[in-house]
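The listed protein sequences correspond, in order, to chains A and B.
For the first sequence, this note's numbering gives the first residue as 1, with consecutive numbering after it.
For the second sequence, this note's numbering gives the first residue as 1, with consecutive numbering after it.
If you are wondering where the hints come from, they were derived from the structure by calculation, not from laboratory data.
Mixed in with the good hints there might be a few duds.
To be verified - Example chain B residues on the side facing chain A (calculated, C-beta under 10 Å, incomplete):
id	residue
1	35
2	68
3	108
4	161
Just so you know, even glycine gets a beta-carbon here, dropped at the ideal spot from N, CA and C.
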Amino acid sequence: MGRLDTSPENLLKLYKDMYRLRLFEDIAAEKYKSGEVPGFVHLYQGEEAVAAGVCAALKKEDIVTSTHRGHGHAVAKGIPVREALAELFGKQGGCNGGRGGSMHMYKLSIGFLGTNGMVGGGIGLAVGAGLSAKLLKKESVGVTFFGDGASNMGICYESFNMASYLKLPVIFVCENNKYATATPLTAVAANPEIASRAAAFAMKGVAVDGNDIIAVYEATAEARERAINGEGPTLIECKTYRHGGHYLGDQLYGTYRTKEEVDTWMALKDPIKNFKIILKDVYGIDGNSIKQAEISVEKEMEDAYEYAKASPLPDPSTVEKHLFSGGLVK
Amino acid sequence: MSKISYMNAVRDGIAEEMRRDPTIITMGEGIGERGGSYGQTKNLFQEFGGGRVIDTPISENGFTAMAVGAAATGLRPIVDIMFADILYEILSPLCQEAGKLSYMSDGQVKVPMIVRAQMGGRVSGPHHSACLYAITMHVPGLKVVVPGNAYDAKGLIKTALRQNDPVVFFEHKFAYPVREEIPDEEYTVPFDKASILKEGKDATVVVIGPIIQERIKNVMQKGMIGADIDIEIIDPRVLYPLNFKEIADSVKKTGRLAIMEEGHLTCGAASEISAKTAEELFKYLKAPIVRVATKDLPHPYAPVLEEAMIPTEETIAAAIRQVLK
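Isolated chain A, as found in the complex (with noise of 0.2 Å):
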């Protein structure tokens, strides 16, 4: 059950979902500098292994909801990176037509429920795409990601109970970063071991290393399968690091976390870097497939990029769209 297939199609693949998240990561923070992307970012270097090793064990029909710090999940779960980018523009072709943003990302056919500018606020959300999985019957899985940060809210626990014992097919992802903005959980939580908390609401608790893709996705596939076999939710903990500040512009390091704390994860734990290594070490992929896909996911950055950079803006005689869907049912 969950086993990950290591067919080198497959690993490469995974290596790039990872370095994808990575680069458009690192093209946001550019053009943020730039000024380009008008408005803040909150962003996933170093946590890519997560969004990626969930996402690679979900189906389409699944619906992910996510957190301020999503332009990972929106990406893994397959929003084009080029409407990602325009709707960090504001831009016409992102895919909110500039009326979302970094923490409001959506694309409901390919089961994206949102980026979530209200820390906690897609929890409940994915827990009600499982209720409607299991009224109207389809093979489908609620899946939210949350930070540490949220497992510290009622919603949280609200929904787990829900999701229990109403017995739906939801998965909960708690990325544990470590750090609630700069509030370290160890100093705020009588008891930091996320995972084991599942056990109050009788659910099955599992704890992760959130940068070992591989262990990602057989903890997800395998909690996607007791979902849809009708066993319940699972609470998945994937302990990971935010290599960047808060937001950007936060300063990497200061009253909560020590310079040499974010060294040590960068040269040591880097999901990406370790992935590569275990790409050569472990299966014997050569260094030359790796390239060529590092430079095809660069290729998809310099497209989305063009494709940001000549996207018109909003026409503003469109502001009150969609306040309302309107209509009525027959």
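Assemble chain B onto chain A, guided by the hints.
For chain B alone, kept in the frame of chain A given last:
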């Protein structure tokens, strides 16, 4: 025609729509087999089963968020929060998610859900009495409905259940037992029309909510305003998007406007109607606009104190006399 209570009118409307549309579900505390704290979901569980009539834990924030996610993915949930005051618990999923999803997703995500909020005082005390519809009027993306009688309650809940947008449906719990004749055959009430309850020529009186409707009827029956006074009474029924056209037409005719509601005065529904009238119809006005609303206070428990802060027959009659000066 049959004599049906306001509460059963809403319940019957929901049952009819649930028979018609299998994606409608309802959830709340004790609304299953028991049929709700007031009996407002009586027999729905027995007819539709626990899959569609879901007893929830006391997790209003959580199950409202769940309803938003369910609405976005194919269901049409009704969230029953038992007391309008519980809105304070659910503001984040209601306002930040449900109200904004269509807009911020550029029209991709529809949120067809209803929040049933039971409002109104009468010895319910500070935490269970307020008529909070004005709060939701202030939130872009929510439709706000306040049915003023049993006929409208049934017709409006049926229309609400056919919307593709979030609707906050304010039912007055102290109008729940009030029975009136309503048609046996199916009908709906549109969202985009105010109801002209009585035509008249001397002054326009806008009434919001069933208790105000009842009190103004009493005022007239008791002759508390002169027998020769001929007022026009209008219930907007839907406060957002506000049905203003009928009010405007009436003010153009009468030149006088009094607005009566049970919500709090400051930034209330009456304030909004008053402001729009002053902006758009100033030249028609022969007298200052008059508002009657609940005083800006928590609802006290003791009945004599509560009657001193909500609109009464006396304050309603006084307001009509004032606007006619």
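Task: Per-residue hint verdict: residue 35/B, partner chain A, C-beta under 10 Å - done: Result: violated, 20 Å to nearest chain A Cβ.
Task: Per-residue hint verdict: residue 108/B, partner chain A, C-beta under 10 Å - done: holds, 5 Å
- [ ] Hold the hint about residue 161/B up to the distance rule: shortest CB distance to chain A must be less than 10 Å.
- [x] The hint holds - residue 161/B has a Cβ within 10 Å of chain A, the shortest such distance being about 8 Å.
Task: Per-residue hint verdict: residue 68/B, partner chain A, C-beta under 10 Å - done: holds, 6 Å
Hint violations for this structure: number 1 only, all remaining hints satisfied.
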